[in-house]
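Order-wise, the sequence lines are chains A and B. When we follow numbering that gives the first Met the number 0, the leftmost residue of the first sequence carries the number 0, and every step to the right adds one. When we follow numbering that gives the first Met the number 0, the leftmost residue of the second sequence carries the number 0, and every step to the right adds one.
When chains are identical, the list treats them as one kind, so a pair holds in a single copy or across two.
Distance condition first, Cα-Cα at most 30 angstroms in a straight line; then the derived DSSO-like pairs of lysine-lysine:
#1 LYS93 to LYS164
#2 LYS389 to LYS99
#3 LYS164 to LYS389
#4 LYS104 to LYS389
#5 LYS211 to LYS93
#6 LYS115 to LYS211
#7 LYS211 to LYS99
#8 LYS389 to LYS211
#9 LYS389 to LYS115
#10 LYS156 to LYS93
These are calculated hints, taken from the structure and not from any lab test. Note that the coordinates shown come from a computational prediction; the quantities given were computed from them, not determined experimentally.
Each chain, written out:
2 protein chains.
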Amino acid sequence: MKTSIIAVGTELLFGQVVNTNAAYLSENLNHMGFDVMYHFVVGDNPGRLRAKLAEAFEDTDLVLLTGGLGPTQDDLTKEIVAEYMGAELYRDEKVAEDLKSFFEKRGGHMADNNLKQAYLPVGCTPLYNASGTAPGFALSKNGKTAVCFPGPPRELKWLFENGAKQYLEQFMEKKMFYRVIRTIGIGESDLETLLMPLIDGQTDPTIATYAKEGECSLRVASQRDTAEEAEAAVDEMTARINELAGRYIYSYDDEELVEVVVRLLKEKHLTVAAAESATGGKFAAAITDVAGASEVMKYSYVTYSNEAKISMVGVPAETIDTYGVVSPQTAEAMAAGAKKVSGADIAVSVTGYAGPDADEGHNAGEAYIGYAYEGGSGAVSVNTSRNMRKWNRNYFMLRMLRTVYLLLTDGPEPENGSKKQ
Amino acid sequence: MKTSIIAVGTELLFGQVVNTNAAYLSENLNHMGFDVMYHFVVGDNPGRLRAKLAEAFEDTDLVLLTGGLGPTQDDLTKEIVAEYMGAELYRDEKVAEDLKSFFEKRGGHMADNNLKQAYLPVGCTPLYNASGTAPGFALSKNGKTAVCFPGPPRELKWLFENGAKQYLEQFMEKKMFYRVIRTIGIGESDLETLLMPLIDGQTDPTIATYAKEGECSLRVASQRDTAEEAEAAVDEMTARINELAGRYIYSYDDEELVEVVVRLLKEKHLTVAAAESATGGKFAAAITDVAGASEVMKYSYVTYSNEAKISMVGVPAETIDTYGVVSPQTAEAMAAGAKKVSGADIAVSVTGYAGPDADEGHNAGEAYIGYAYEGGSGAVSVNTSRNMRKWNRNYFMLRMLRTVYLLLTDGPEPENGSKKQ
Numbered sequence: 000m001k002t003s004i005i006a007v008g009t010e011l012l013f014g015q016v017v018n019t020n021a022a023y024l025s026e027n028l029n030h031m032g033f034d035v036m037y038h039f040v041v042g043d044n045p046g047r048l049r050a051k052l053a054e055a056f057e058d059t060d061l062v063l064l065t066g067g068l069g070p071t072q073d074d075l076t077k078e079i080v081a082e083y084m085g086a087e088l089y090r091d092e093k094v095a096e097d098l099k100s101f102f103e104k105r106g107g108h109m110a111d112n113n114l115k116q117a118y119l120p121v122g123c124t125p126l127y128n129a130s131g132t133a134p135g136f137a138l139s140k141n142g143k144t145a146v147c148f149p150g151p152p153r154e155l156k157w158l159f160e161n162g163a164k165q166y167l168e169q170f171m172e173k174k175m176f177y178r179v180i181r182t183i184g185i186g187e188s189d190l191e192t193l194l195m196p197l198i199d200g201q202t203d204p205t206i207a208t209y210a211k212e213g214e215c216s217l218r219v220a221s222q223r224d225t226a227e228e229a230e231a232a233v234d235e236m237t238a239r240i241n242e243l244a245g246r247y248i249y250s251y252d253d254e255e256l257v258e259v260v261v262r263l264l265k266e267k268h269l270t271v272a273a274a275e276s277a278t279g280g281k282f283a284a285a286i287t288d289v290a291g292a293s294e295v296m297k298y299s300y301v302t303y304s305n306e307a308k309i310s311m312v313g314v315p316a317e318t319i320d321t322y323g324v325v326s327p328q329t330a331e332a333m334a335a336g337a338k339k340v341s342g343a344d345i346a347v348s349v350t351g352y353a354g355p356d357a358d359e360g361h362n363a364g365e366a367y368i369g370y371a372y373e374g375g376s377g378a379v380s381v382n383t384s385r386n387m388r389k390w391n392r393n394y395f396m397l398r399m400l401r402t403v404y405l406l407l408t409d410g411p412e413p414e415n416g417s418k419k420q
Numbered sequence: 000m001k002t003s004i005i006a007v008g009t010e011l012l013f014g015q016v017v018n019t020n021a022a023y024l025s026e027n028l029n030h031m032g033f034d035v036m037y038h039f040v041v042g043d044n045p046g047r048l049r050a051k052l053a054e055a056f057e058d059t060d061l062v063l064l065t066g067g068l069g070p071t072q073d074d075l076t077k078e079i080v081a082e083y084m085g086a087e088l089y090r091d092e093k094v095a096e097d098l099k100s101f102f103e104k105r106g107g108h109m110a111d112n113n114l115k116q117a118y119l120p121v122g123c124t125p126l127y128n129a130s131g132t133a134p135g136f137a138l139s140k141n142g143k144t145a146v147c148f149p150g151p152p153r154e155l156k157w158l159f160e161n162g163a164k165q166y167l168e169q170f171m172e173k174k175m176f177y178r179v180i181r182t183i184g185i186g187e188s189d190l191e192t193l194l195m196p197l198i199d200g201q202t203d204p205t206i207a208t209y210a211k212e213g214e215c216s217l218r219v220a221s222q223r224d225t226a227e228e229a230e231a232a233v234d235e236m237t238a239r240i241n242e243l244a245g246r247y248i249y250s251y252d253d254e255e256l257v258e259v260v261v262r263l264l265k266e267k268h269l270t271v272a273a274a275e276s277a278t279g280g281k282f283a284a285a286i287t288d289v290a291g292a293s294e295v296m297k298y299s300y301v302t303y304s305n306e307a308k309i310s311m312v313g314v315p316a317e318t319i320d321t322y323g324v325v326s327p328q329t330a331e332a333m334a335a336g337a338k339k340v341s342g343a344d345i346a347v348s349v350t351g352y353a354g355p356d357a358d359e360g361h362n363a364g365e366a367y368i369g370y371a372y373e374g375g376s377g378a379v380s381v382n383t384s385r386n387m388r389k390w391n392r393n394y395f396m397l398r399m400l401r402t403v404y405l406l407l408t409d410g411p412e413p414e415n416g417s418k419k420q
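In isolation and in its complexed conformation, chain A is listed as follows:
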């Protein structure tokens, strides 16, 4: 089905906001077999929005619009789409109630202009928004369909996953099934080379690799006449991928590494603690981002200074003096100390240079991941050779997760330091 996307918002035309919504919707629509032909961006201007909506519907039958559904005066998308489709607005009592309780629960009063969001076009399919205040909706007339989303990317994604996607499935010619396989410990080009026998000349299922920060994902997709056939084709291909790359795979279901680690810790009734220097709490924050993390993490330590490494997790001052604060010995002592003081089953640590600058002839991106578990303790060296602070900190955190993942599955990383028994 021929599709276009119209993003509404003057902030996009000012260059203040990048139009990631169009990329997100395009990727998902293409996965579903829709043919995205145009993106448009217009400001909060009724005349120009009216004109571009008409242009979009000249060439395409499905138009997705993002932004301009909020409570403010310049939010006009809903009104223009309803006008184009010749639909009146009605007050949707569910939205009105949701808005009232949303503001009541927060103990705040609701500014009257918020009720603007409770009006929807007659005959639309409402897309109720549990992730924000403005609902989306879908509206069809004479074979032309408009689907409207709020502009905040988080809300747009929630509404796409929880309503819009299901609504759009009625327009899919073929049934599609796909699976995202997540790997860690191998780069994109190496993974592609490894899987070339499967990728080469392959038409369906398709295999695509996506590099993410420090990870690589595989998307295996099939479009067949029935969902069952598509799923069977993906399953068969997944088995062949597993034969070639199984040792790098940590999820067949697009789980985040941290979700897998927390799930494994729960299953094994184990707890984890961290002593974080370079990541300054990112590991603990990632673990506790997963619902139910209180079962697996009780204590964690941000030991950003030498004194904190000594007083919070008992790193011997001599270790820092002798080997330096960024050393495998200090990393191992941090992990061993964190395990001891927290009583956790597994402890992991990091000490390193996040950058952008580094000290004493070390380069940014150099770090050591320490670990301690019943089988002993050790440290793994990491070196990104990048001077990008945030990238390095995220990568260090992923490597801490990988270290814990390997302890929970195959045991420590081969390149690790001393493994005492």
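Starting from the structure of chain A, add chain B where the hints point.
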């Protein structure tokens, strides 16, 4: 001057690439006082590019195009623009020479199709590209101007800074100045209501509100004959905004809240520590994401369990038993304890229900932010009424930052708990 931007590339319509070029050009064009009215994205399809180019020139006199200037068969932007302007192509010998030496320097031979890039429209202003192989160009006819850039962002930026910007200055009518004001602690609609006396019927400077996660930004922009007049108009409006909403403003210069907090802590030579339950390390991770954070944070505590609150930061067990773990009393004790054990000048804490579910009749999104500083200690209550764990955790973290920000500026939040002296 009315302007549109057309990005050419099927990869954008697949969602594989985000259209950052449009944002970059829009921001720079707005700074120069151009009025960007549309962004378009089309695939590598001559018919559709031809159609959108004609549409863009219907409403706007200046069209910037990105992508489709390379050596391959589907690079068609130059040919379509030349055709639209009625210009033949000529072989530009400088480009041809540059291409030859480019490949010679790399010791490789040049594939013949690269010479395609040496052909430019007769009468154009070439934009020679020292950052890559494909030149850009500007071409005017009958008051309509097209400026073409290669798609790779690095090359586009180089060509904009080294040629295109200077070329476009001939069209500048007015000078623009704008400022982005960041606020926290007030929702978008409340902020708009508060500022309605300034927004209503306001033509220049314009005031626009943008909601971000847990925050809201204001963009104040003016276009005048001189940059000085525009800046003066924005300054005058900023002062009026400050009168109405000053207590919510934390930056007049589009800084992140965490950057402001770390800067203020450095300026005042103060250190901060946190005791984090619901946020599980997000506050410490945010502070240490800022380069040079080691000056302001030495120790921080992830006290995810009751035992950790007691043993790590010395919360009295009776406090938890008497008032509950999610209570202002526990939050205040966590902060007071964190200040004591870390020796930090300011300590902040959080205890609450991140969700998605909550316990004992409490709702997800309820939390208490504790603080302790030389002036005393207290706690602030927060209630988002959202069952979105990640959103709540991020909002709690922002409120912890706001609490520290207020301690560093106006003193504790008015709605806070006991302020002991």
